[in-house]
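**Q** Note that the protein sequences, when read in sequence, are chains A and B. What the first sequence shows, in my numbering, is residues 1 to 118, in sequence order. What the second sequence shows, in my numbering, is residues 1 to 139, in sequence order.
Because the hints were derived from the structure by calculation, they are not lab data. What you are looking at is a predicted structure, and each value in this text was computed from that prediction instead of being measured. Don't take every hint at face value.
Claimed, not checked - Listing some non-contacts, in silico: residues in chain A with all C-beta distances to chain B over 12 Å:
no.: 1; residue: Arg23
no.: 2; residue: Ala34
no.: 3; residue: Gly44
no.: 4; residue: Leu58
no.: 5; residue: Leu63
no.: 6; residue: Leu66
no.: 7; residue: Pro89
no.: 8; residue: Val90
no.: 9; residue: Ala91
no.: 10; residue: Val92
no.: 11; residue: Arg93
no.: 12; residue: Leu115
Stated by the list, open to error - Output of the computed footprint for chain A on chain B, the stretches with three or more beta carbons under 8 Å from beta carbons of chain A:
no.: 13; stretch: 36-45
no.: 14; stretch: 91-100
no.: 15; stretch: 104-116
No residue lacks a Cβ here, since even glycine has one placed at the ideal position from N, Cα and C.
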Amino acid sequence: MAFGSRRVLVGAHYGLRDWLVQRITALVLTVFVAVVVFGVAVAGELDYGAWSAIFAPLPMKLLTMLAIVALCYHAWIGVRDIWMDYVKPVAVRLALHVVTVLWLAYCLLWSIEILWSV
Amino acid sequence: MTNSNPTRRSPRSQIRNIRFDQLRNYRLPLAGIVSILHRISGLLLFLCLPLLLWLFDLSLASERSFDHFVQISQSWVTRIVLLALGWALLHHLCAGVRFLLLDLHLGVDRIAAQRSSIAVLAVSGSLTLLFALHVFGVL
Numbered sequence: 001m002a003f004g005s006r007r008v009l010v011g012a013h014y015g016l017r018d019w020l021v022q023r024i025t026a027l028v029l030t031v032f033v034a035v036v037v038f039g040v041a042v043a044g045e046l047d048y049g050a051w052s053a054i055f056a057p058l059p060m061k062l063l064t065m066l067a068i069v070a071l072c073y074h075a076w077i078g079v080r081d082i083w084m085d086y087v088k089p090v091a092v093r094l095a096l097h098v099v100t101v102l103w104l105a106y107c108l109l110w111s112i113e114i115l116w117s118v
Numbered sequence: 001m002t003n004s005n006p007t008r009r010s011p012r013s014q015i016r017n018i019r020f021d022q023l024r025n026y027r028l029p030l031a032g033i034v035s036i037l038h039r040i041s042g043l044l045l046f047l048c049l050p051l052l053l054w055l056f057d058l059s060l061a062s063e064r065s066f067d068h069f070v071q072i073s074q075s076w077v078t079r080i081v082l083l084a085l086g087w088a089l090l091h092h093l094c095a096g097v098r099f100l101l102l103d104l105h106l107g108v109d110r111i112a113a114q115r116s117s118i119a120v121l122a123v124s125g126s127l128t129l130l131f132a133l134h135v136f137g138v139l
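Chain A extracted, bound-state conformation (with noise of 0.2 Å):
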């Protein structure tokens, strides 16, 4: 392997593409909570209807399932660095990882089920 300044740039898993990944869910994270925000501040009283309404045009049914996916894999980067700076047993860390991938899965597959139901 060669590290320093020949170490290679690309597919070599030093952690740049989930360095990125974790940052360009970040922007996807932020447009969709700036467009909820909007959202409701354009909706006034925000009884059922109004609310439902928010999240029931395609554009936006695809925009908040674009974000729930960027939530869980920028959750999974970041609670990844957690149990990796904090927990050294690697049996508990794996065990830790293993717990978070199942947990976030679960969690993209019910949201899917909550946005479609709408």
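Given the coordinates of chain A, work out where chain B should sit on it, guided by the hints.
**A** What follows is chain B alone, placed relative to chain A:
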């Protein structure tokens, strides 16, 4: 070449992590406080994700479940939890924007980093205050 003779080598300075019991005496700079709060707020949001999804489900599923959602959100426990999560989201968002700017090499020097830390705490703090007024029905 002083390093070629191992017996004459001066002791290398060692950098160690601080121990847990030293945390109390460690003066974390503002940027460090923003950073650790970013981590804590992120973990909090992750742990409460099922709760948020459950509330999201209630609010969207039907008119009746929406009423149920409104009813739940009136309780004091829910208000306090929502306030904590609101702070977590706002701080995570503001600190995240700061980190993205740092990635673009904006505000990297010490003074600018300190100023942007204050800005993050001020903006997320006042937005949280607004949110709190809204959650507790003042606004």
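**Q** Next step is simple, just say for each hint if it's right about the structure.
**A** Structure-based check of each hint:
For Arg23/A, the shortest C-beta to C-beta distance to chain B comes to about 6 Å, within the 12 Å cut-off, and the non-interface label is violated. Listed as outside the interface, Ala34/A is inconsistent with that label: its C-beta sits roughly 10 Å from the nearest C-beta of chain B, within the 12 Å cut-off. Residue placement check: Gly44/A keeps its beta carbon more than 12 Å from all beta carbons of chain B (closest about 14 Å). With a closest Cβ-Cβ approach of about 15 Å to chain B, Leu58/A is found to remain outside the 12 Å limit, as its non-interface label requires.
Distance to chain B confirms Leu63/A as a non-interface residue, since its nearest Cβ pair spans about 15 Å, more than 12 Å. The beta carbon of Leu66/A is kept farther than 12 Å from every beta carbon of chain B, the shortest such distance being approximately 16 Å. Non-interface status of Pro89/A relative to chain B is upheld: no Cβ of that chain comes within 12 Å, the nearest being about 17 Å off. Residue-level check passed: Val90/A sits 19 Å from the nearest beta carbon of chain B, beyond 12 Å.
No beta-carbon of chain B is positioned within 12 Å of the beta-carbon of Ala91/A; the least distance is around 21 Å. At the 12 Å boundary, the C-beta of Val92/A stays outside the reach of chain B, the nearest C-beta of that chain being 17 Å off. Against the 12 Å criterion, Arg93/A stays outside the reach of chain B, whose nearest CB is about 15 Å from its own CB. Not every C-beta of chain B lies more than 12 Å from that of Leu115/A, the closest at about 8 Å, which undercuts listing it as non-interface.
Interface restraint, the stretch 36-45 of chain B with chain A: holds (4 residues with C-beta to C-beta distance below 8 Å; minimum three). Counting residues of the stretch 91-100 of chain B whose beta-carbon sits less than 8 Å from any beta-carbon of chain A gives 4, enough to reach three: the coverage restraint holds. Check on the stretch 104-116 of chain B: 0 of its residues sit with their Cβ under 8 Å from a Cβ of chain A, so the three-residue criterion for coverage is violated.
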